[in-house]
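Order-wise, the sequence lines are chains A and B. Residue 212 in the numbering used here sits at position 212 of the first sequence, and the numbers go up by one each step. Heads up: take any position in the second sequence, counting from 1, add 1000, and you land on the numbering used here.
Hints are computed from structural coordinates only; laboratory data are not their basis. Computed from a prediction, not measured in an experiment: that's the story for all the values here. We put the beta carbon where it would ideally sit given N, CA and C, even for glycine. Take the hints with a grain of salt, since some may be wrong.
What follows is a list of derived Cβ distance ranges for each label pair [stated by the list, open to error]:
{"#": "1", "chain 1": "B", "residue 1": "Val1306", "chain 2": "A", "residue 2": "Glu188", "range": "44 to 54 Å"}
{"#": "2", "chain 1": "A", "residue 1": "Glu188", "chain 2": "B", "residue 2": "Gln1469", "range": "34 to 44 Å"}
{"#": "3", "chain 1": "A", "residue 1": "Glu188", "chain 2": "B", "residue 2": "Asp1339", "range": "43 to 53 Å"}
{"#": "4", "chain 1": "A", "residue 1": "Gly127", "chain 2": "B", "residue 2": "Glu1082", "range": "18 to 28 Å"}
{"#": "5", "chain 1": "A", "residue 1": "Glu79", "chain 2": "B", "residue 2": "Glu1087", "range": "34 to 44 Å"}
{"#": "6", "chain 1": "B", "residue 1": "Ser1474", "chain 2": "A", "residue 2": "Lys140", "range": "29 to 39 Å"}
{"#": "7", "chain 1": "B", "residue 1": "Pro1097", "chain 2": "A", "residue 2": "Glu200", "range": "24 to 34 Å"}
To be clear about the criterion: a stretch of chain B counts as covered by chain A if any three or more of its residues have a C-beta under 8 Å from a C-beta of chain A, and this derived list gives those stretches [what the hints assert, rightly or not]:
{"#": "8", "stretch": "1154 to 1162"}
{"#": "9", "stretch": "1451 to 1457"}
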Amino acid sequence: MSNEVLMAITRSLVDCKPDLTAELTQEALESGEEPLAIIDQGLVPGMGIVGEKFQTGEYFLPQMVIAANAMQQAMGLLEPELRARQQVSRSAGTVVIGTVEGDIHEIGKSLVATMMSANGFRVYDIGVDVSPAEFVDKVKETQADLLGLSALLTTTMTVQRTVIEAVEEAGIRDQVRVIVGGAPVTQEWADTIGADGYAEDVIGAIELGKRLLT
Amino acid sequence: MRDVYNGDQIIQEGRGVRPQFRMLSDDLIEQIIAEGFQLLMDPGVRVHNREALGLLADAGADVDLESQIAYIPRDIVERALETAPSEFYLYDLGGEPVVHYGGDSVQFDPGSAAITLLDSETQAQRAPVTADFVKFVKLVEVLPQLDAQSTALICTDVPEEIGDLYRLYLALSYMRKPIVTGAFRKDTWWTMKDLLVAVAGSEDALAERPIAIFDVCPSPPLLWSDLTCQNMIDCARYGVPSELVSMPLAGATAPVTVAGAVVQHTAECMSGVTICQLASRGAPIVWGGSPAAFDMREGTTPMGAVGTWMIDVAYTEVGKALDLPTHAYLGMSDAKIVDAQCGLESAGGTLMAALAGVNMVSGAGMMDFESCQSYEKLVIDAEIIGMAKRLIAGVEARDQPIALGLMRELGHRADYLGQLHTAKWFSKEQYIPSAVIDRGSLDAWKRKGSKTAWERARDRVGELLTGYQPSPISDDVRSELRAITLTAARTFGMDELPPLPES
């Protein structure tokens, strides 16, 4: 019986039926399934299949994002149960991500946040127009391993440097890897401002994150 | 008659039909506008600018200062749509009205604010510097197909903080055609206004004969940032035209349907027109945009996608239904080098824009979405523009009867090449391209070095530049422009401006 529910959870992610994912996750919990089993045998395999289908071109971004949101919603149901059992789900690392102060461009940053989350990172997306102090505070609060800074304008790109300086001043620069992205950003710029990495697109950001944290 | 056609100087005496493309029925336009009005009440528009919120509140809109959301009733918007002018002109530096915003006039300027330049030698993207943009301005000046300049490249040899005004300074020092520009900050707008006033002679002269228009860009969905909103208000107060650049990304920051994206565009532009007109009744403002059909595989904003063109054409029809001047970013390519994709995408968008009657089409020279400019692509695009202008000039009888007299005279002889009728009409009937377009025989092509379009375009860039004539501004004005720019540069830690290339 339980195997069937977990397989159905996997299926619901692949079929992009987010309401069903939530419903089945709740059902599995109520039938006594272990939260870690729901994650490892239900949700994670589903995201894996969605990811493969995206790579082969069968699926497109909407399916990826819908599945990732469904996974996040299911994790929201599971987390209180994990805490109650004093368990933690495996994580590829904790990420704080946002668009820098003065810049309100959201789409690239949000896509990276969603996809990193779907790839096993614990992601804190703190939005757009984020001040250096807010980045620093969130990194401290979450003990993040990775800080992602997005900027889409030549005028706001320079704020990425300001944030890195603020992280240094806060004395936490050696605790967190800083990655930068956005249309005008280049590897050269990342090197200039002392960032730990730069990625051109979503897939690149995920690979970069995994590489930096292993 | 010039050898380059303008949307205006077309059909005479009803002899032909202006080729025009329509995608929306009147009913659909009506519904799109109605939904636009309704969005302005629920969920309202985010306005992150105190002055605009004040203007809206004073006019009777419900304004939530905490959330910075304005709920704008239909009658306020309708009044603004009425007071916004349906047409106006941009003037060249000689004081001539050369760009007509309004009706079905179709004009072209280069895509603006590229952050890289495609290097003519390596075909790789690199950071643009002063000499690059000066060369670009000269090239636009001598290309007859282009009607206006734009602040097309962001120079990296000055501080980022003056990136916007420095482009305008350089352009004003070398151009004669009017210019499409935009500010990146609130404070730099004032310096840019001072630069324009220096050229126009006075603030009144600038308002009377504007030489520049500012792009102002709402952020999807339904947001006016402080910066761009203030730029729009300041433009309105000084009588400087502004151009709304609403950019729904269909499927990402806007509904994925063409009609849905246009509804969002309509609401954003209506809110812009309203704020502009509340700041100053009668201020010139353009219904424009740079939408994209979001790419569902790459997560990018393709400008060469047919879905993108359709959104542009559709919102242009809405703008025309509201009797406003129109603008669109079209004629660009997502290709990374000047190749077949580059040509086909640029041609598609340019022809669409011309057929839709977009007053100002921004995009020539632009590739890699909206991030890279290329001299070579610009001269190829100029040929596409020439063809598009010819297309919309349409078909005319030219003679009465059209051909009877001539064909009866010649009978069955194929002797048209030697006829005065041919000599009289061929250069008006045909768009005659430059050597960028190869129409020689195979042998002739080989004799000339078997060159690709890229190579021919590169040759053409060099040839064109030799025809550049210095701009008409006086040495005093030139010095004043430099002094204004230098003052701004010093504010941001640059003591001396890069030297200017020889004009």
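Verification of the hints:
1. B/Val1306 / A/Glu188: 44 to 54 Å: violated (35 Å)
2. A/Glu188 / B/Gln1469: 34 to 44 Å: holds (38 Å)
3. A/Glu188 / B/Asp1339: 43 to 53 Å: The hint (43 to 53 Å, Cβ to Cβ) is violated, given that glutamate 188 of chain A and aspartate 1339 of chain B are roughly 25 Å apart.
4. A/Gly127 / B/Glu1082: 18 to 28 Å: violated (38 Å)
5. A/Glu79 / B/Glu1087: 34 to 44 Å: Once the Cβ atoms are compared, 60 Å apart, the range 34 to 44 Å for glutamate 1087 of chain B and glutamate 79 of chain A is violated.
6. B/Ser1474 / A/Lys140: 29 to 39 Å: At roughly 59 Å between Cβ atoms, lysine 140 of chain A and serine 1474 of chain B fall outside 29 to 39 Å, so the hint is violated.
7. B/Pro1097 / A/Glu200: 24 to 34 Å: For glutamate 200 of chain A against proline 1097 of chain B, whose Cβ atoms are near 45 Å apart, the range 24 to 34 Å is violated.
8. 1154 to 1162: Result for this restraint: holds, n = 3.
9. 1451 to 1457: Result for this restraint: violated, n = 0.
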